[in-house]
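Asks: Listed below are the residues making up each chain.
Protein chains: 2
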Amino acid sequence: MLNRMKMLSWPQIWIGCGSTKVQVSQILKYCNSRCLGVVPQGGNTGLVGGSVPVFDEVIVNLGSMNKVISFDEVSGILVSEAGCILESLVNFLDNKGFIMPLDLGAKGSCQIGGNVSTNAGGLRLLRYGSLHANVLGLEAVLANGDVLDMLGTLRKDNTGYDLKHLFIGSEGSLGIVTKVSILTPPKLSSVNVAFLACTDYLSCQKLFLEARRKLGEVLSAFEFLDEQAMDLALNHLEGVRNPLPTALHKFYVLIETTGSDEQSDKEKLEAFLVHSLEGGLISDGVVAQDIQQASSVWNIREGLPEALMKAGAVYKYDLSIPVEKIYDIVEEMRNKLGHSARVVAYGHLGDGNLHLNISCPQYDDAVLAQIEPFVYEWTSKNRGSISAEHGLGLMKAEKIFYSKSPAAVQLMASVKNLLDPNHILNPYKVLPQSLSFP
Amino acid sequence: MLNRMKMLSWPQIWIGCGSTKVQVSQILKYCNSRCLGVVPQGGNTGLVGGSVPVFDEVIVNLGSMNKVISFDEVSGILVSEAGCILESLVNFLDNKGFIMPLDLGAKGSCQIGGNVSTNAGGLRLLRYGSLHANVLGLEAVLANGDVLDMLGTLRKDNTGYDLKHLFIGSEGSLGIVTKVSILTPPKLSSVNVAFLACTDYLSCQKLFLEARRKLGEVLSAFEFLDEQAMDLALNHLEGVRNPLPTALHKFYVLIETTGSDEQSDKEKLEAFLVHSLEGGLISDGVVAQDIQQASSVWNIREGLPEALMKAGAVYKYDLSIPVEKIYDIVEEMRNKLGHSARVVAYGHLGDGNLHLNISCPQYDDAVLAQIEPFVYEWTSKNRGSISAEHGLGLMKAEKIFYSKSPAAVQLMASVKNLLDPNHILNPYKVLPQSLSFP
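The listed protein sequences correspond, in order, to chains A and B.
For the first sequence, UniProt numbering assigns the number 1 to the initial residue and increments by one for each residue that follows.
For the second sequence, UniProt numbering assigns the number 1 to the initial residue and increments by one for each residue that follows.
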């Protein structure tokens, strides 16, 4: 059982953890020997309370370990310390003609170590895959202070178990990531954006299938929003206008392509639009003619969380659901709630990731009781994930059984016991209390 | 310690393990209770002795669990039993307009469960990434017979530790994979192949950098072979002719593109060739004009293992090395061996994966003593991997420390103890004996 610190005027101790793995190692060794809880913290931009202390845990913030260690311009392999802010890596790579394989709204403050520890998803996953695909190596400090060097810079290495994957997405509960080696794609010169309207969800689905096939290798994003989401954006976001103003449509799809040949990519996208319009898959559509138009279209999609905040209280769910069923839960939720709240749906359709939002004038337990546990039960019944990209953190640790079998969760607890027998690392997070502190 | 079975007329028992996970579970439960060793076996095509018994282990061959369970044509997600032969999945998907994200020479007999258990690499890794990137879910039977359901069919799922990665590449030593869920890319219509000559290795490297940038999203293979390899192919493979016959060059590069637009892809590749010729990166080059020409070029590269077999004895090494250093070891080896043997180099340059072969008239301990441990020490010193894609199996288990730190190997052993405390699964493989049977 963890020791609780007492009599501190502040319940948390902030350790500016200096700049070396040795210091992180010493801190953990000390805390482990005294059973003191530790919260590893990056940019603190998570949405499930994974990087904040619950009681009196020691915060180990990695922000001052922020150096790029090496970059191999032949293979595009970047090695950096964990505290590098994502946007600073983006800028570093931009000068070299490369990009990060992930892009997030929080890029201005989130850190690469936190991204890796939470297996952050974001806008480029459809094209480049998850961090399990792109992280080549890690250095992590274990709970007892041991430094685990898995900092390979190789695309292929089949020598023993690939342990780094345990640390990707375990939210700092198995070790503190101190260095990262990551494969970065070359920056391609041609980016095109189209904004399309569909009359029903089945058309969005079919459009995705067509886009994968016709746009193939240049497809880099396939996002969707529904009528409610568009209405919210138009009413609450400054400077946003409807790119398809002649009518309000049931569904909107944002397609982005990224390739190496401006002319051929644009022709490909335009041909795709004409084909989709003729085939009746879309009812309207426009291709952004310049970078301003492209970013104003992206602003609609990316501004939705802000629009929801401005509209009042919001219950937010980040679900993975098989693509063909994504909109079923939205409609069921709408039927269930009637006029008591507004159901707003958008997300990374190409990844099967729905951001489901229930918006109402103020937080209301009666509304919440209609949403939960229904939303989790529905997702579980359809073999979805109750947290597609946000993780479990503190807020959803107890919900894990909706998406994982008891045997799998039990094995996770055994792995936790193996790597952190005193349970000092990010306590009360990820796994249910009953398993973490039996 | 494992029990050895006695008095059997055959040292191995073959169990045609029927067709359900329940049977696999029962077999493992029985063997675990009696400490009997078990060798999980797929198509038995591995190159390091990972799927063959050493003494009297029970073989559990998954070949009769060979059904496709489901295929989602919207998201391209295939769920199948572990015993499906890779080529049969390729054919199944071809009818649906999709491809497997991996392609191997052994596809006619290797099984998807074995591919996953060994993290098989192959020819498409440059484009689609490793199986850690493409496997979405697994069902595995643990040593004690427990069935672990991790058979998700979602691209994104951040609920707890992603345990499936432990089973990808652990060569059947942590559990027997019985079902697999895998993300398959759409089949694209346009495939082009070019065969180029470079005068030095630095040019091959620069050419790779240019190809990643100029061919970007359509680049699907970047393979290389040296003069010795070409000479061997021309002398030992039937029907092979040199596509660049005017001179013998120091290095050859095979570039493949796969895209959705025949005309634009071909133009892009031809422009790339002209540009590379003008810039002096290549000294000669040709683009295959039809599928016959393309496959005759691929035959050179794919026929090299056969050519080596025909040339006499061969010591084979499968190394990952930072791209810029790949050819250094070839030259050092050549200097070391002088005229006593022929050093032949080829491989997946785009993945940093060198297949280093030392060819001599017959096996010769004096030659071997010059190769080993030098090749492992050199690779280790340069932070390479002594097994890029072949795994460790029986033959290389003791070599693991050349590529992994003692702390990492110790943690692997702890994970093994956690999941298979009696060490019944694939004994004597992957981890060093001293750790497996302390």
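Hints in this document: simulated from the structure, not taken from any laboratory.
Be aware that a few hints might be false.
Listed next, the stretches of chain B that the computed footprint assigns to chain A, with coverage defined by at least 3 CB atoms under 8 Å from CB atoms of chain A [as the list claims (entries may be wrong)]: (1) 25-34; (2) 37-46; (3) 165-177; (4) 374-386.
Cβ atoms here follow ideal geometry from the backbone N, Cα and C, with glycine treated the same way.
Asks: Does each hint fit the structure? Answer for all of them.
Replies: Cross-check of the supplied hints:
{"no.": "1", "hint": "25-34", "result": "violated (count 0)"}
{"no.": "2", "hint": "37-46", "result": "violated (count 0)"}
{"no.": "3", "hint": "165-177", "result": "holds (count 6)"}
{"no.": "4", "hint": "374-386", "result": "holds (count 4)"}
The structure fails to meet hints 1 and 2 from the earlier list, while all remaining hints are met.
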